[in-house]
Amino acid sequence: MQLATRARLVGLGVAIGSIVPAAEARAQAVTVDTTHSLYTEAPTKTHMTVYSPGADLAVQPFDWLQVNGGWEADVVSGASVAVKAGGAYAANHPGPDVVSTASVHDFRNQAHGGFTLKNGNVQVTGGYAYSEEHDYRSNAFNVAARTDLFQHDTQLEIDYARNFDHVCDRVQSAASPTPLWFALESSEGCFTSNPLRVSLPIAIDGFQGSWSQAWTPVFVTQLVYTGQILNGFQSDPYRSVVLADGVKAQEHVPDNRAREALALRTNWFLKPVKAAVRVGVRAYTDSWNIRSGDVTAEFEKYFGDSFRATLRGRIYKQTGAVFWSDDYTGGAPPLGPRGQYWTGDRELSPFTSYAVGLRAIYSVTPTNGRIAGFISGLRFGGTADLIQFDYSQFTLAGIPLANTRAWIFGLNASISFF
Amino acid sequence: MRTTFLAFTGLVLALSASACVTVKPQQRAILADPTMVFDDDAHAQAQREHAFSNREGAYGGSGVAGGGCGCN
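If you read the protein sequences in the order shown, they are chains Z and L. So that you can map any letter, position 128 of the first sequence is 128 in the working numbering, and since no number is skipped, the others follow by simple counting. So that you can map any letter, position 66 of the second sequence is 66 in the working numbering, and since no number is skipped, the others follow by simple counting.
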């Protein structure tokens, strides 16, 4: 289980981001958003479909206060790798395929709420999110403060988030070393009094500082530093890794992980063609020795006053974790793991990915009066992205993954009242 | 991490102080355009980044808050 509030920014972080425009347009007293996305992929032996609906409500009863709340979900179905083996093991053990898969069905619900207080050029935000899955529960708190300087040309913001999460695992024998631990068979009995299940804590601290700067009337930049510290059970409890002859053990990764990212984004508006060019770069490193970098470029053009379309691309490249190996056999007998930790996660292996996508947005903001007497703004959007993954080391018993394409489709609508 | 944070904070303060006012209020029309706002369309963007981050080792650069795993 790949922990991390990770980019799970969803919840309150998103709400915070959406607060700013609403707060500045004071005629918008109530804004309702709904967003839907669909992720689908079917690489070798596995497949995964995730439908993510969401709805948010923001209300601004006073100029100095905004409150917001919302819900989102992930409806997951597919099949994932349950037992991972590498090429060296498969070469020495011809015969039945040692790699197996298991069906996955999960339903994550998250409810979130928050507030923003604004006084002059300073605003303070606080929020809470509760998330529940069959095998994972999360309580997340966050606070943020932002100030505008130099007639709003400069914006500085700091954010802090703290998660108190729990993940379900099977009870392991206290006498067994980790190479003999068994994977969780299913989420049945999780977070109940079932004596065969245990709830393991995960603490996540996240910090972010950002600096946004308008340099000219058509050029702005944003520099963002993010740090995160995770402590707790971060393995996929369902996955086993073959370590030696007849020995497979539950995935086992370090309990501690410190992560850092530095991102720079630039927006440049091209008046002659009424379009914006956006370029972003990000560098990332963590204590598991994963290093990555990505570059994103977007070109967004207006067609008329209400419709705009975006063409975007992204290249991402990362190294593997220091304990990553496609094959953990061949270590010291009798159990043979090479190293103290082992994983079957392809996201901890070295790989490159390429993404291209389109986005279309239609928005209506009446300059005089309201639509139907009470609607001050409408917005509809649609997106489609194609991602191609290129895994340089990850195999399933020596067989490289094929058909490593994923699609993401999205639809969203927003309506503002009064 | 602490060293990086201090370096980043120093850089921000130094550069923002030197920037001062570069865009006058009457010149801000384009900067307020949705195409120039960072994290415009935030909900949709967050869902897209959620999909990316669940399949990558990297994290960060666009927010720290959130809850849950949802990482299948």
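It cannot be assumed that every hint is accurate.
[To be verified] Calculated lysine to any residue pairs in the SDA-like style (CA-CA distance at most 25 angstroms, straight line):
| # | chain 1 | residue 1 | chain 2 | residue 2 |
| --- | --- | --- | --- | --- |
| 1 | Z | K274 | Z | T404 |
| 2 | Z | K301 | L | R55 |
| 3 | L | K24 | Z | K317 |
| 4 | Z | K118 | L | R55 |
| 5 | L | K24 | Z | T404 |
| 6 | Z | K274 | L | D33 |
| 7 | Z | K271 | L | L31 |
| 8 | Z | K274 | L | R55 |
| 9 | Z | K45 | Z | N121 |
| 10 | Z | K118 | L | V37 |
| 11 | Z | K317 | Z | T404 |
| 12 | Z | K274 | Z | G357 |
[Unchecked claim] In silico contact screen, one side only, chain Z against chain L (beta carbon under 10 angstroms); selected entries:
| # | residue |
| --- | --- |
| 13 | P254 |
| 14 | N256 |
| 15 | E260 |
| 16 | A261 |
| 17 | A321 |
| 18 | S349 |
| 19 | L411 |
For the record, the hints were derived by calculation from the structure and aren't laboratory data. Quick caveat: nothing in here was measured; it's all calculated off a predicted structure. Using N, Cα and C, we set each Cβ at its ideal position, and we do this for glycine too.
Consistency of the hints with the structure:
1. K274(Z) x T404(Z): 36 angstroms, violated
2. K301(Z) x R55(L): 30 angstroms, violated
3. K24(L) x K317(Z): 40 angstroms, violated
4. K118(Z) x R55(L): Roughly 37 angstroms between the alpha carbons, so the hint for K118(Z) and R55(L) is violated.
5. K24(L) x T404(Z): 49 angstroms, violated
6. K274(Z) x D33(L): Cα-Cα ~11 angstroms, so holds.
7. K271(Z) x L31(L): 12 angstroms, holds
8. K274(Z) x R55(L): Roughly 35 angstroms separates the two Cα atoms, so the pair is violated.
9. K45(Z) x N121(Z): Cα-Cα ~54 angstroms, so violated.
10. K118(Z) x V37(L): Satisfied, since the Cα-Cα distance of roughly 19 angstroms is no more than 25 angstroms.
11. K317(Z) x T404(Z): 15 angstroms, holds
12. K274(Z) x G357(Z): Given that 25 angstroms is the threshold and the Cα spacing comes to 20 angstroms, the pair holds.
13. P254: P254(Z) check fails; min Cβ-Cβ to chain L is 13 angstroms, beyond 10 angstroms.
14. N256: 13 angstroms, violated
15. E260: Holds, about 6 angstroms.
16. A261: Holds, because the Cβ-Cβ distance from A261(Z) to chain L comes to roughly 3 angstroms (cut-off 10 angstroms).
17. A321: 7 angstroms, holds
18. S349: 9 angstroms, holds
19. L411: 8 angstroms, holds
Hints 1, 2, 3, 4, 5, 8, 9, 13, 14 from the list above are not met by this structure, while the remaining hints are.
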